[in-house]
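Residues in the sequence shown are numbered from 116 upward in steps of one, following our numbering.
No wet-lab data here; the hints were simulated from the structure.
It is possible that part of the hints are untrue.
Pairwise CB distance ranges, derived in the manner of DEER restraints [claimed, not checked]:
1. Asp172 <-> Thr130: 30 to 40 Å
2. Leu183 <-> Gln133: 17 to 27 Å
3. Tyr142 <-> Val196: 14 to 24 Å
4. Thr195 <-> Asn161: 15 to 25 Å
5. Leu169 <-> Gly127: 34 to 44 Å
Note that beta-carbon positions come from the ideal geometry of N, C-alpha and C, so glycine has one too.
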Amino acid sequence: MGAVVINLKDFGVRTPEQVVRIFFELYDVVSVREQLWEVFRRYTVNDENGIAALDKDETRVALLFDHLIDLVGAIEILRTVRTVEKCVVCGRVDVVKL
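Using the sequences provided together with the hints, build the complete structure.
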C-alpha cells in the first residue's frame, strides 16, 4: 500500500493534531496577542468614537480576543507538559512530549 499525501495548506483535510502543530509552528501566544490587538486597535482608531467609547459589540469582540489569546497560551503550555498518561490536546496515551 502506498503513502497518502496530504496538502497541509488545505485546511479541510488536516487532522486536529496537524492543525495544532502547524499553528504553533507559525504562531506563539505573544504573536497572537500582538496581531489580534493590532487588528482591534486599527478598527477602533478608524471608528469615529475611538477606543474610549466601545459599544456592546466591540466590547464582546475585545473579550473574545482576550479569550482566544488565553486559549492559545493554555494550549501552548499543555503541548509542552511531559506526561506518560494522556495528552490533553490530542488524547494519545503514548505521549512523552508533543
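Hints the structure fails to honour: 4
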